[in-house]
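K.L.:
Taking the hints into account, I'd like the entire structure generated from these sequences.
For what it's worth, the working numbering labels the leading residue of the sequence shown as 1, then goes sequentially.
Treat the hints as calculated values from the structure; they're not laboratory data.
Ideal placement from N, C-alpha and C gives every residue a C-beta, glycine not left out.
Among the hints, erroneous ones may be present.
Okay, the calculated beta carbon distance ranges per label pair [to be verified]:
(1) Leu19 to Leu47: 18 to 28 Å
(2) Phe63 to Leu22: 20 to 30 Å
(3) Gly12 to Leu54: 42 to 52 Å
(4) Leu7 to Glu37: 44 to 54 Å
(5) Ile55 to Val30: 11 to 21 Å
(6) Gln9 to Glu36: 24 to 34 Å
(7) Leu13 to Lys34: 32 to 42 Å
(8) Leu62 to Thr4: 36 to 46 Å
(9) Gln53 to Val33: 11 to 21 Å
(10) Asn67 to Leu13: 18 to 28 Å
(11) Ala59 to Ile18: 10 to 20 Å
(12) Leu7 to Leu62: 27 to 37 Å
(13) Ile14 to Gly40: 23 to 33 Å
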Amino acid sequence: MKETLELSQLMGLIVPLILLQLLLMIIALVLCVKTEETRGPKMMWVLIIILGQLIGPIAFFLFGRRNS
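P.N.:
Right, here's the structure in full:
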């Protein structure tokens with residue numbers, strides 16, 4: 001017998017991912033604005049963070065910030 005995901009189960013999987021994505025995006029955008037120097041133009045990083053969805057903020061955390 002095949003089990004199918006009901007809408008409530010599906011939402012239970014998707015909502016935490018959406019919240020995680022939004023939280024990472026907000027934190028990355030705030031850090032990008034507050035950081036004096038980034039590796040590359042800040043506007044480029046803002047676009048990567050926003051358009052890159054989950055990968056964009058992670059890329060900024062790993063590659064965008066300069067360590068002082």
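K.L.:
Taking the beta carbons of Gly12 and Leu54, is their distance inside 42 to 52 Å?
P.N.:
violated, 18 Å
K.L.:
Are Phe63 and Leu22 spaced within 20 to 30 Å by their CB atoms?
P.N.:
holds, 21 Å
K.L.:
Measuring from beta carbon to beta carbon, are Asn67 and Leu13 in 18 to 28 Å?
P.N.:
violated, 36 Å
K.L.:
State, for the Cβ atoms of Ile14 and Gly40, whether the hinted interval 23 to 33 Å holds or is violated.
P.N.:
For Gly40 against Ile14, whose Cβ atoms are near 32 Å apart, the range 23 to 33 Å holds.
K.L.:
Starting from the range 10 to 20 Å, see whether the pair Ala59 and Ile18 falls in it by beta-carbon distance.
P.N.:
holds, 19 Å
K.L.:
For the range 11 to 21 Å, tell me whether the beta carbons of Ile55 and Val30 fit it or not.
P.N.:
holds, 18 Å
K.L.:
Using the Cβ atoms, figure out if Leu7 sits within 27 to 37 Å of Leu62.
P.N.:
Check passed, 35 Å falls within 27 to 37 Å.
K.L.:
I want to verify a distance hint. Is the separation of the beta carbons of Gln9 and Glu36 within 24 to 34 Å?
P.N.:
violated, 46 Å
K.L.:
Using the Cβ atoms, figure out if Gln53 sits within 11 to 21 Å of Val33.
P.N.:
holds, 19 Å
K.L.:
Just to be sure I understand the hint, the distance between the Cβ atoms of Leu62 and Thr4 should be within 36 to 46 Å; is that true here?
P.N.:
holds, 38 Å
K.L.:
Does 44 to 54 Å hold as the CB distance between Leu7 and Glu37, or does it fail?
P.N.:
holds, 46 Å
K.L.:
For the range 32 to 42 Å, tell me whether the beta carbons of Leu13 and Lys34 fit it or not.
P.N.:
holds, 33 Å
When each numbered hint is compared with the structure, violations occur for hints 3, 6, 10.
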